[in-house]
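*Asks:* From first to last, the protein sequence lines stand for chains A and B.
Position 183 of the first sequence, counting from 1, maps to 183 under our numbering, and the rest follow consecutively.
With the second sequence counted from 1, adding 1000 to any position gets you our numbering.
Read the hints as simulated data drawn from the structure, not as lab findings.
Don't take every hint at face value.
As the list claims (entries may be wrong) - Here are the simulated SDA-like pairs of lysine to any residue, each with C-alpha atoms no more than 25 angstroms apart in a straight line: (1) B:1165 - B:1322; (2) B:1220 - A:184; (3) A:322 - B:1322; (4) A:232 - B:1040; (5) B:1259 - B:1122; (6) A:227 - A:314.
No experiment lies behind these values; they were computed from the predicted model shown.
There are 2 protein chains.
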Amino acid sequence: MQTPANEKRTEIGALGEFGLIRLLTNSIKLNQESSIKGVGDDAAVVNHQGKNTVITTDMLAEGIHFDLMYTPLKHLGYKAIVVNLSDIYAMNATPTQVTVSIAISNRFSVEAIEEIYEGIYVACKKYGVDLVGGDTTSSLSGLVISVTALGVANSEDLVYRNGAKPGDAICVSGDLGSAYLGLQILEREKQIYLEHPDVQPDLENEQYIIGRQLKPEARKDVIELLKEHGIKPTSMIDISDGLSSEILHICTQSGVGAKLYEDQVPISEEAYNLAIKFNLDPITCALNGGEDYELLFTVKAEDVTKLSNEWNVTVIGRIAEKSEGVTLTTKGGNVFPISAQGWDPLIKAGILDA
Amino acid sequence: MQTPANEKRTEIGALGEFGLIRLLTNSIKLNQESSIKGVGDDAAVVNHQGKNTVITTDMLAEGIHFDLMYTPLKHLGYKAIVVNLSDIYAMNATPTQVTVSIAISNRFSVEAIEEIYEGIYVACKKYGVDLVGGDTTSSLSGLVISVTALGVANSEDLVYRNGAKPGDAICVSGDLGSAYLGLQILEREKQIYLEHPDVQPDLENEQYIIGRQLKPEARKDVIELLKEHGIKPTSMIDISDGLSSEILHICTQSGVGAKLYEDQVPISEEAYNLAIKFNLDPITCALNGGEDYELLFTVKAEDVTKLSNEWNVTVIGRIAEKSEGVTLTTKGGNVFPISAQGWDPLIKAGILDA
């Protein structure tokens, strides 16, 4: 827990369930025209006037997706929203509403839950979505946050995972592997702290990397740029489990193969240097690290020239015939088949072997 | 856990996350015309052609909402869906899609999770809704199920909690208190079992009461009957926390008072006798028990004659002026103010005093 001992601590019992809900939702203003009814009835009401409603849901569990020893609660709330919005953008849709359900134990104070909601509201405001409902309940143990996001799109704009064709360029936004390396730093600092509680961590030079883990952003900007420039991806997915896992999803669902090139995969200088320091292969971090929440998408060959260098989007390979498989060509010219070894919450819990 | 030692047990690790999702979702058939895209992409897509989309979400946590010592996993899955659909019906809307997120620990086998999903699919089929998405993740401790349900309604059909007017009749479907008494039986049998594992429980005569707790139904039939007979409730809510709590929600949001009459509140014979046996006041069980998932609604005075005796709907009082407060007139003619003491998940976890 992040709260110093001398900060105010209100027991949840002092408010009751409805008091807590009122406290957490009394600042909500609905901004979306489609939000007809928000929190406060059996259900929320949205009206998208014949457009498609896009729905996604993601659950974050304490000890699996986050460790409260190094995750500020506000960042946690922010991230819980962003990872859902990222899925909506990956459909080439615009997120419009979210619902948030939280299970909490009595080791959390009202102030702690307010901090989570503060992050939730910051994310809602930044991305222009309305919080329209949710559920607040108890947990006998850990904290669990479940978010469902709704978005809207015209039928002709929707982009699925199954539309990639041989010859299409494979593109990725931003850079990969940083979120995973951020997690490695935080885990290292946690161990140091547990062994030497008097040592202050020096994370001055790791702000970018740590930020990528604790406070990821959804690539609304990329979706907008593509739309502005008349580029409709042929397939798209967001990178939550890692590049390997996601390209395999696209290839499986599209019935195609893919050729990726190691020297094209974008890795930040910070991430590259840190991987070396941790004795990790930078490309492995990019392929399997996950949680970068960048967009992986394919575009027709003729659309590649429309991509601007200023967008921070990189072409990392080409869609191939299914028979050619899904491969990575290394800097040394070797060709390896790509297999899914992405971040897996079942591995994290020890249910699967890593 | 319900699984006898000699039944098949597949470790989740043997399947992996995507294998597990495939196993759990490969039998899904989308039946709703509005379900454009279901499981298998970043998000689901629904298209309601200009009608209102109604959204609700509810989370069930192990140890708070259910005890696996006496909750069959199939019933748990069924109930997780039903409690959400109940909220959609309480808006006078028709449920159309659900998403399901589950956090599980490795003490659950693949077969156990399949049992939960079996119940989910039975409920989806019975109520004609499509499962269109979800998330499967790990938990370091208990089982948590989070469901979001979507429904559809014309604007003019929607019923909120805030439309009750003085003079309206207060109606309730079915009977109240049984679900709470079912929980008391199950808790009693659990204690007996823990102390005397060789004693077989005799629940022959308690099937109705226990069923009300373990496998509640949403009152789709009542919504359909009201519509068929041209009755639009002025306000409506489903009874999840207890009659007291729900009538207070309606009165607070509508800015009115209410007069309820003890002798009108429907209590089944089984529940009545059992309450006496447990040394509980039957009306208290009905007022504060919760989890009956019946519908509490108000109708204009002139619509009361349209209600049929065959519908199993009872008029239990009248909406009054706000200044008259919210009261219960007992069989003895005493008038008591009603306060919210409904089932509260925060009480259950020891966060609030009961």
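*Asks:* All hints, please: hold or fail.
*Replies:* Results for each hint:
For the hint pairing residue 1165 of chain B with residue 1322 of chain B, the CA-to-CA distance comes to about 10 angstroms; that is within 25 angstroms, so the pair holds. Simply put, residue 1220 of chain B and residue 184 of chain A have alpha-carbon atoms about 51 angstroms apart, too far for the 25 angstroms limit, and the pair is violated. Distance check on the hinted pair: residue 322 of chain A and residue 1322 of chain B sit about 70 angstroms apart at the alpha-carbon level, beyond 25 angstroms; violated. At most 25 angstroms may separate the alpha-carbon atoms for a hinted pair to count; residue 232 of chain A and residue 1040 of chain B meet this at roughly 20 angstroms.
In summary, the hint linking residue 1259 of chain B to residue 1122 of chain B is not supported, as the alpha carbons are separated by about 39 angstroms, beyond the 25 angstroms threshold. For the suggested pair residue 227 of chain A and residue 314 of chain A, the alpha carbons sit about 17 angstroms apart, so the restraint of at most 25 angstroms is met.
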